[in-house]
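Here is what each chain is made of, one letter per residue.
2 protein chains.
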Amino acid sequence: MSDTIKYLLSEEQMPKDWYNLAADLPTPAPAVLHPGTLQPVGPDDLAPLFPMSLIMQEVSQERRIEIPEPVRQVLRQWRPAPLFRARALEKALGTPAKIYYKYEGVSPAGSHKPNTAIPQAFYNREAGIRKLTTETGAGQWGSSLSFAGALFGISVEVFQVRISYDQKPYRRALMETYGATCVASPSNQTAAGRAILAQNPNHPGSLGIAISEAVELAAQRDDTKYALGSVLNHVLLHQTIIGEEAILQMEMAGDDPDVVIGCAGGGSNFAGIAFPFLGLQLRGGANAKKRRIIAVEPAACPSLTRGKYAYDFGDTAHLTPLTKMHTLGSTFTPPGFHAGGLRYHGMAPMVSHAKELGLIEAQAYHQTACFEAGVTFARAEGIVPAPESNHAVKAAIEEALRCKREGKSETILFNLSGHGHFDMMAYTDYFAGKLQDVNYDEAALATALAGLPGVSA
Amino acid sequence: MSDTIKYLLSEEQMPKDWYNLAADLPTPAPAVLHPGTLQPVGPDDLAPLFPMSLIMQEVSQERRIEIPEPVRQVLRQWRPAPLFRARALEKALGTPAKIYYKYEGVSPAGSHKPNTAIPQAFYNREAGIRKLTTETGAGQWGSSLSFAGALFGISVEVFQVRISYDQKPYRRALMETYGATCVASPSNQTAAGRAILAQNPNHPGSLGIAISEAVELAAQRDDTKYALGSVLNHVLLHQTIIGEEAILQMEMAGDDPDVVIGCAGGGSNFAGIAFPFLGLQLRGGANAKKRRIIAVEPAACPSLTRGKYAYDFGDTAHLTPLTKMHTLGSTFTPPGFHAGGLRYHGMAPMVSHAKELGLIEAQAYHQTACFEAGVTFARAEGIVPAPESNHAVKAAIEEALRCKREGKSETILFNLSGHGHFDMMAYTDYFAGKLQDVNYDEAALATALAGLPGVSA
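Heads up: the sequence lines are chains L and H, in that order.
Mapping the first sequence onto this note's numbering, position 374 (from 1) lands on 374, and the numbers just tick up by one.
Mapping the second sequence onto this note's numbering, position 241 (from 1) lands on 241, and the numbers just tick up by one.
Be aware that a few hints might be false.
No more than 30 Å apart at the CA atoms, straight line, and that leaves these computed lysine-lysine pairs for DSSO-like [unchecked claim]: (1) L:16 - H:6; (2) H:98 - H:16; (3) L:289 - L:434; (4) L:290 - L:404; (5) L:98 - L:434; (6) L:131 - H:434; (7) H:290 - H:98; (8) H:131 - H:290; (9) H:6 - H:98; (10) L:434 - H:131; (11) L:16 - H:408; (12) L:91 - H:308; (13) H:408 - H:6; (14) L:290 - L:16; (15) L:131 - H:91; (16) H:131 - L:91; (17) L:131 - L:16; (18) L:91 - L:404; (19) H:16 - H:434; (20) H:91 - H:308; (21) H:408 - H:98; (22) L:98 - L:289; (23) L:91 - L:408; (24) L:6 - L:408; (25) L:6 - H:131; (26) L:408 - L:290; (27) H:289 - H:91; (28) H:408 - L:6; (29) H:308 - H:6; (30) H:98 - H:289; (31) H:6 - L:131; (32) H:308 - H:290; (33) L:6 - H:16.
Think of the hints as simulated: they come from the structure by calculation, not from any bench.
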């Protein structure tokens, strides 16, 4: 029987500000560089792609940035999001640990992504923008931006990695239901796409290529901008509402996490849960205890645990600025696995910087172990996690089992970033024994790492 | 931009009782008859299939029946469910009407069905039952009972209509994730199934056949009972928590519905939203205003609008008792359409009785008009409705447009019984122009109606 306890904030308790980790870091993250001049980019360099309000957030050193009321109005449809004590899971594991999870699958698009899609659509509309382009892999981000576009009257064009476009038609149907246009990438609509198709008409695509296409299109038109669903500082900033709520909810529960866990692809949901707790620690004071903060990534695409901390491009066609991050190389194509949202060569610069400073840990798990953890979770707690979120579930279960071995009743908090309703085919494959652990090609990784720009600033 | 307003009750405000319409009806619903003796069935006749606690609820005349605390504990994971004012939809329609919707898609299984799956699993476990059998069409009910079985440690075997089993593997994956066994029906596991397969090895199945199989299996074993997801009085009873909450939430909003709408297949979500409001009217007093209460059904399976009010079986093999209801005939096979949850030949006896008493209205719509309404709703409100729920959305929009024509600012409340995450292929077909309106075969309906038992009691 479910012994789950729900901690729900009132709408009045929904955070009024986002939290900016940059204000509290002991040293600033390395500058973003212009790929031509190798000089730090200024706000104007980013203006073709983003409205100035988001660029100012990207470079802000302010600790608190106010969430505009029209954004709060939309977020209130599903926020504050619940935090649960997973007592049934604790019992199933026989652990003395206390396990809590913050659940972001309550948004209409089913994940944490609308937390940033909504403000991005809002700021773009304020700037008079009529159209947004973006990329998506599995489709969590593309469907979230489509949702935001529908609410704010902005048309959205999504370049979806072709292999996902073909294999996961349900997410595409969701984007189209919200009125967005979804294009398989590489496409004939851009020079970047045409160049790749010329070499290989059946190219399966990658997030790096899809970003190139979306950026290229946005840069060409004054009424069109580009939106990114992870990696950038302003995206991470928008996700901190997750951790800000979780801090209040852990107080409601009369508890305080010893371990904070999030899965990490580009790093946005991880930063969302982790950065506010990191801020407590960095600022010192009553809540400043040192917590273990763990980013969990797929073993098949392990940027934090196997990548190089170096300057690299965010995309394949090298249209983006250079950022210093943990990267597998922008020419690296991750192998196919079901957590498409974690299939990116790089990691958010701010997350990478925190890792370099020793503020966070990183772990990597293979997918079958993650699905096994997800099924254990679903049978105890009732919620079926997204394949990406299963990585966080796996790490939380591992920590709980460690506590059992060590006889410790630590408090574990993880972010359940989304539900798996659009990913049930992966569960079907898992039950049918068709799901296998995949590895990246060591030689290809070595090549990609060797091809890094070699810029040090 | 979304102007949606959310009305959320505290956990303390979650109803402590279910509401039983039988206590307030001016005349009792006709008796349920034993198919052999044609005499009213007693509790003992139903004992092979249901635990006595549920049978007592089935025949209860008590107005309020307490929700056991262990059931409330589970329901609190997602309840009280939110009620929203659909201001963005109102604006999109340009209507002076106020539109509210109660959203039941927040449950882990994604629909209202866990409201009854949880108490059914609880009462069976209290009675020492180890296994439950049931049927499912599209899979909303099967996945909900599987979810409940996982929480209460009861194994669940689901007979899924074969055509859905083959066409909708995602719902099956959800059932299996919860640990249930899912069998395509007709199957070789039962005499009922074998008899049908002997005639037609490729039979696509129907809910009536799947019920026969599940009932047959449950009746054979002492530790196994049967669970039904709609139609029966105790199922409708468990769903009244929807309307009980909605009454409180409409008070929060300072409003009171003139029109209450639910889609109706077997009738449970409709009864859930409608019966508590009907009770206010029947009991008289301060809130007793006459509201229009509308059941919305698919034009391709129109039991309330085209069926006969007569005694009929609930299943195809005629293993169930005879109930008086609006029926298309238990030998009638509804044509295939995407709202599989509304594809049943009969209607809940209590809903049928209310219709005969003139307490409720019924409307029927074809599926393409319902999907069009669902897309309009999704683009305004962000939530993608289940195909079943789209029928309620369609009726609500029609009422809102009537208000616009008539210049009336009526208050419309409808039940959004579930989300469409597992039904996106239907949306894909809709956008691709592949979705067509289907009609039942008039001759087959005439035959099925002519074959009714002809019992009058």
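Hint check results:
Only pairs whose Cα atoms come within 30 Å are accepted, and residue 16 (chain L) paired with residue 6 (chain H) is accepted, the gap being roughly 18 Å. About 29 Å separates the Cα atoms of residue 98 (chain H) and residue 16 (chain H), which keeps this hinted pair within 30 Å; it holds. Taking the CA atoms of residue 289 (chain L) and residue 434 (chain L), the gap is near 44 Å; set against the 30 Å cutoff, the hint is violated. Straight-line distance between C-alpha atoms of residue 290 (chain L) and residue 404 (chain L) comes to about 21 Å, which keeps the hinted pair within the 30 Å bound.
At most 30 Å may separate the alpha-carbon atoms for a hinted pair to count; residue 98 (chain L) and residue 434 (chain L) exceed this at roughly 34 Å. For the suggested pair residue 131 (chain L) and residue 434 (chain H), the alpha carbons sit about 29 Å apart, so the restraint of at most 30 Å is met. About 18 Å separates the Cα atoms of residue 290 (chain H) and residue 98 (chain H), which keeps this hinted pair within 30 Å; it holds. Pair hint residue 131 (chain H) plus residue 290 (chain H) does not hold up; C-alpha atoms about 44 Å apart against a cutoff of 30 Å.
For the hint linking residue 6 (chain H) to residue 98 (chain H), the alpha-carbon distance of about 14 Å falls within 30 Å, and the restraint holds. Between residue 434 (chain L) and residue 131 (chain H), the direct Cα distance comes to roughly 29 Å. Compliance with the 30 Å bound is thereby established for this hinted pair. For the suggested pair residue 16 (chain L) and residue 408 (chain H), the alpha carbons sit about 38 Å apart, so the restraint of at most 30 Å is broken. A threshold of 30 Å between alpha carbons decides the hint, and for residue 91 (chain L) with residue 308 (chain H) the separation of about 52 Å lies outside it, so the pair is violated.
For a cut-off of 30 Å, the pair hint linking residue 408 (chain H) to residue 6 (chain H) stands: about 24 Å separates their Cα positions. Restraint check: the Cα-Cα separation between residue 290 (chain L) and residue 16 (chain L) comes to about 26 Å, which is no more than 30 Å; the hinted pair holds. Using a Cα cut-off of 30 Å, the hinted pair residue 131 (chain L) and residue 91 (chain H) holds, with the two alpha carbons roughly 22 Å apart. Restraint check for residue 131 (chain H) and residue 91 (chain L): the C-alpha separation of about 22 Å stays at or below 30 Å, so the hint holds.
Between residue 131 (chain L) and residue 16 (chain L) the CA atoms are separated by roughly 28 Å; this keeps the pair inside 30 Å, and the hint holds. Only pairs whose Cα atoms come within 30 Å are accepted, and residue 91 (chain L) paired with residue 404 (chain L) is accepted, the gap being roughly 11 Å. Simply put, residue 16 (chain H) and residue 434 (chain H) have alpha-carbon atoms about 46 Å apart, too far for the 30 Å limit, and the pair is violated. Note on residue 91 (chain H) and residue 308 (chain H): the hinted pairing is violated, with a Cα-Cα distance of about 40 Å set against a maximum of 30 Å.
Our distance criterion of 30 Å between C-alpha atoms is met by residue 408 (chain H) and residue 98 (chain H), whose separation comes to about 10 Å. This hinted pair checks out: residue 98 (chain L) and residue 289 (chain L) have alpha carbons roughly 18 Å apart, not beyond 30 Å. At roughly 15 Å between alpha-carbon atoms, residue 91 (chain L) and residue 408 (chain L) fall within 30 Å of each other, so this suggested pair holds. Distance hint between residue 6 (chain L) and residue 408 (chain L) is fulfilled; the C-alpha atoms sit about 24 Å from each other, no more than 30 Å.
Taking the CA atoms of residue 6 (chain L) and residue 131 (chain H), the gap is near 29 Å; set against the 30 Å cutoff, the hint holds. With a C-alpha separation of about 17 Å, the suggested pair residue 408 (chain L) and residue 290 (chain L) falls inside the 30 Å cut-off, and the hint holds. The hinted pair formed by residue 289 (chain H) and residue 91 (chain H) meets the criterion: a straight-line CA distance of about 27 Å does not exceed 30 Å. About 41 Å separates the Cα atoms of residue 408 (chain H) and residue 6 (chain L), which puts this hinted pair outside 30 Å; it is violated.
A hinted pair counts as satisfied when its Cα atoms are at most 30 Å apart, and residue 308 (chain H) with residue 6 (chain H) does not qualify at roughly 40 Å. The suggested pairing of residue 98 (chain H) with residue 289 (chain H) holds, with an alpha-carbon distance near 18 Å, which does not exceed 30 Å. With a C-alpha separation of about 29 Å, the suggested pairing of residue 6 (chain H) with residue 131 (chain L) holds against the 30 Å cut-off. Restraint check: the Cα-Cα separation between residue 308 (chain H) and residue 290 (chain H) comes to about 26 Å, which is no more than 30 Å; the hinted pair holds.
Taking the CA atoms of residue 6 (chain L) and residue 16 (chain H), the gap is about 18 Å. The hint holds against a cut of 30 Å.
Hint check: violations occur at hints 3, 5, 8, 11, 12, 19, 20, 28 and 29; the rest are consistent with the structure.
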